[in-house]
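Asks: Here's the letter readout for the chains.
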Amino acid sequence: DQQVKQNSPSLSVQEGRISILNCDYTNSMFDYFLWYKKYPAEGPTFLISISSIKDKNEDGRFTVFLNKSAKHLSLHIVPSQPGDSAVYFCAARRTGNQFYFGTGTSLTVIP
Amino acid sequence: GAVVSQHPSWVICKSGTSVKIECRSLDFQATTMFWYRQFPKQSLMLMATSNEGSKATYEQGVEKDKFLINHASLTLSTLTVTSAHPEDSSFYICSASGDYSYNEQFFGPGTRLTVL
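For the record, the sequence lines run as chains H and Y. Using our numbering, the first residue of the first sequence is number 14, and each one after it goes up by one. Using our numbering, the first residue of the second sequence is number 92, and each one after it goes up by one.
Simulated from the structure, these hints should not be mistaken for lab results. There's no promise every hint is true.
[What the hints assert, rightly or not] What follows is a set of in silico ranges between Cβ atoms, one per label pair, in the way DEER data are often shown:
no. : chain 1 : residue 1 : chain 2 : residue 2 : range
1   : Y       : D190      : H       : R107      : 17 to 23 Å
2   : Y       : D118      : H       : I66       : 26 to 32 Å
3   : H       : Q111      : Y       : D190      : 17 to 23 Å
4   : Y       : L117      : H       : Q111      : 37 to 43 Å
5   : Y       : G144      : H       : I33       : 41 to 47 Å
6   : Y       : S164      : H       : P95       : 49 to 55 Å
Keep in mind that this is a model prediction, so the values were computed, not measured. Where is the CB? At the ideal position from N, CA and C, for every residue including glycine.
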C-alpha cells in the first residue's frame, strides 16, 4: 500500500518558469515531510523539509507547502534551472523514525 | 557534514554467491540505518530498518534470510545478499539518521549489483 504518492511521473518546464511538484499522503501519523533530489546511479540528496506543524518552508529557490487537511504537499522551484533536472522524491516520516517515499517525479527543465 | 558512504559502488557476481554491501556514516553516529532497493524507473523500496545493536525490521515481502542486515556499530551497517540470483540485480541504497539530524535521512551513493 503506497502511503506516499506522486501522481505525476514526469514534468517538463521551461527554464526560468516555476516547477511545481506534488505529493499526496494517506497516513495522518506522519509528522515530518522531506523532498529529495536524485540523479541516475546516485543516492538521493536532501533538498528541503517541513514539519507537520508548519504550512510553508522556504529555502532559496525552493519552497515546500503543506496542506494537512488535504494531506498534500508541494515543492515549488522558482526560477527553474536546467541543473534542476532530476528525479524528485517526497518522503514522509512516521513516529518511530520510519520514512516512506513517493514514486518520484522526473523533472526536465528545458533551456 | 552528514556523509554516508557505500562500498562497493558496483559489484558483479555469479549466481549462487553471496555479496556484502557496507554502509558507513563518516561524520556522525547513525542510530538508525535504512536499506532501499531501486528498480529501473521505479521508486525507492524500503527493504528494512535497523537500529544499532538490535535486529533489523524487514518490510513485508522482503526475505530476511536472503537479505541479511547487520548494524553492529553506530557507523556501520552491512547488507548481505545471500545466494544471489539474477533477479536480485538492482541498485541498493542505504541511508542513515542519527545525531547529526534525527529529522532527515542521509543517503549513500548506492551500490549497483549485477548477478550473472
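Asks: Each hint needs a verdict: does it hold in this structure or not?
Replies: Comparing the hints with the structure gives:
no.	hint	verdict
1	Y:D190 / H:R107: 17 to 23 Å	20 Å, holds
2	Y:D118 / H:I66: 26 to 32 Å	29 Å, holds
3	H:Q111 / Y:D190: 17 to 23 Å	18 Å, holds
4	Y:L117 / H:Q111: 37 to 43 Å	24 Å, violated
5	Y:G144 / H:I33: 41 to 47 Å	43 Å, holds
6	Y:S164 / H:P95: 49 to 55 Å	41 Å, violated
In summary, the structure is inconsistent with hints 4 and 6 from the numbered list given earlier, while agreeing with the others.
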